[in-house]
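Protein sequence lines, in the order shown, are assigned to chains H and A. Residues 1 to 239 (UniProt numbering) make up the first sequence, in order. Residues 1 to 239 (UniProt numbering) make up the second sequence, in order.
Honestly, I wouldn't trust all of these hints.
In the SDA-like style, the derived pairs of lysine to any residue whose C-alpha atoms are separated by at most 20 Å in a straight line are [said to hold, decoys possible]: (1) K34/H <-> S46/A; (2) K209/A <-> P152/H; (3) K34/A <-> I179/H; (4) K209/A <-> Q156/H.
Ranges of calculated distance between the beta carbons of each label pair, as one might list FRET restraints [stated by the list, open to error]: (5) F238/H <-> A62/A: 40 to 50 Å; (6) G188/A <-> M226/H: 53 to 63 Å; (7) A236/H <-> S161/A: 33 to 43 Å; (8) E195/H <-> A107/A: 25 to 35 Å.
Hint data in this document are derived by calculation from the structure and do not stem from the laboratory. We put the beta carbon where it would ideally sit given N, CA and C, even for glycine.
There are 2 protein chains.
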Amino acid sequence: MSNPTAAMIVIGDEILSGRTRDSNMHHLAGELTKVGIDLREVRVVSDDNGAIIAAVQALSSAYSHVFTSGGIGPTHDDITADCIAAAFNRDIDVRADAREILAEHYARAGTEMNAARLRMARIPEGAALIENPVSAAPGFIVENVHVMAGVPAVFQAMVASVLPGLTGGQPLISETLRIDRGEGDIAGPLGALAEEYPHLSMGSYPFQKDGVFGAHVVIRGSDPGMVEAAMTKLKAAFA
Amino acid sequence: MSNPTAAMIVIGDEILSGRTRDSNMHHLAGELTKVGIDLREVRVVSDDNGAIIAAVQALSSAYSHVFTSGGIGPTHDDITADCIAAAFNRDIDVRADAREILAEHYARAGTEMNAARLRMARIPEGAALIENPVSAAPGFIVENVHVMAGVPAVFQAMVASVLPGLTGGQPLISETLRIDRGEGDIAGPLGALAEEYPHLSMGSYPFQKDGVFGAHVVIRGSDPGMVEAAMTKLKAAFA
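With the sequences and hints as input, model every part of the structure.
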């Protein structure tokens, strides 16, 4: 009765060079947790055919769902769609319904539909489209891989349209206690509590602020009563 | 004459659950770019022995340098040191010099050196220590893997102490031009420019702000003159 698993692939040299700070990973992580899908791994890869194809193949066979962000725009460095097609050995070409979506969007906006924009209608054979309410150019789904845009507003809209179609498990409940003691003082009692509750996950996340050392201790599990019972004991140990 | 390559492993359930937004990846990416080391891949993995060991083995054999963040504190969920030892088939135990560093630090602070804190002196056989000027507990280096703390202030201090010892390649120069046009209008001229300069990397990173569509176009390369020449042509194309 374990939850479905997921992995994410963030595609883009701009993240790896430090030029852009990725925000899509954090957004997806939070959304998946809410619906009871366990994000187990994220890989950030460069705009490189071999790297993208290898990550797609490895993660799509290892996890229930895979989500990608980035590389589906109109410029020469947008190679994700071709890599997905190659990873699943499918043809890829401009598809009529995707072209229609773009044509309508650009007609409304009074923008020319040129060859570069038409690239965004290239969809791997047999894929289902993902709606893009922000800038029209669709994402798509091949097998268990959901291919989405890198621009955060578009990525978030695509995640919102895709998640209701996926069957999640039990949402993970988490409770957090801030303890203003060094982790070295927390470790002993917390370790004992973790042994007592093998079905819960307990994590300690240290911080230091204004010279004070402390930690946020998080107890996670799918049974709210069990999480609460453990949290009560944790509070008693550090009262 | 290509640059050394690097990969990073971010270890921690708190990132994958969406509880914490990682900042170490973005920091390391920027620092490596400055010294001419190409960050090619990042993997975020959970607090799971098998996942950590597999990532360490895969990335340490594929890239010149590997950097990890997270999981070296005193609590039961801090399993990184044991995983690194297992990945390289080395013994691990409390080491005298690491214990001495901790003992001095806690004596100064008037803090008890208990069993949990002593765990942070457990170092894989043959490792070199990485100084921690913030909270004393050291990181360490095994072969080409640099094991560092997850707390951002500590991670950043460890990166600063480690980087000067690594031989970088030629620093990457990058210039950015903001173009307030849709990417579909940028794609054609940019693609032609990219073909003209095969030794430069050109990327287009779209944005939309207050209803305006545009893109930051970044030209990167190790030859400053070549980067500037290409940027001059790019500006002329969109003047």
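Hints, one by one, checked against the model:
{"no.": "1", "hint": "K34/H <-> S46/A", "result": "18 Å, holds"}
{"no.": "2", "hint": "K209/A <-> P152/H", "result": "12 Å, holds"}
{"no.": "3", "hint": "K34/A <-> I179/H", "result": "38 Å, violated"}
{"no.": "4", "hint": "K209/A <-> Q156/H", "result": "16 Å, holds"}
{"no.": "5", "hint": "F238/H <-> A62/A: 40 to 50 Å", "result": "43 Å, holds"}
{"no.": "6", "hint": "G188/A <-> M226/H: 53 to 63 Å", "result": "59 Å, holds"}
{"no.": "7", "hint": "A236/H <-> S161/A: 33 to 43 Å", "result": "41 Å, holds"}
{"no.": "8", "hint": "E195/H <-> A107/A: 25 to 35 Å", "result": "31 Å, holds"}
Violation of the numbered hints given earlier is confined to hint 3; every other hint is satisfied by the structure.
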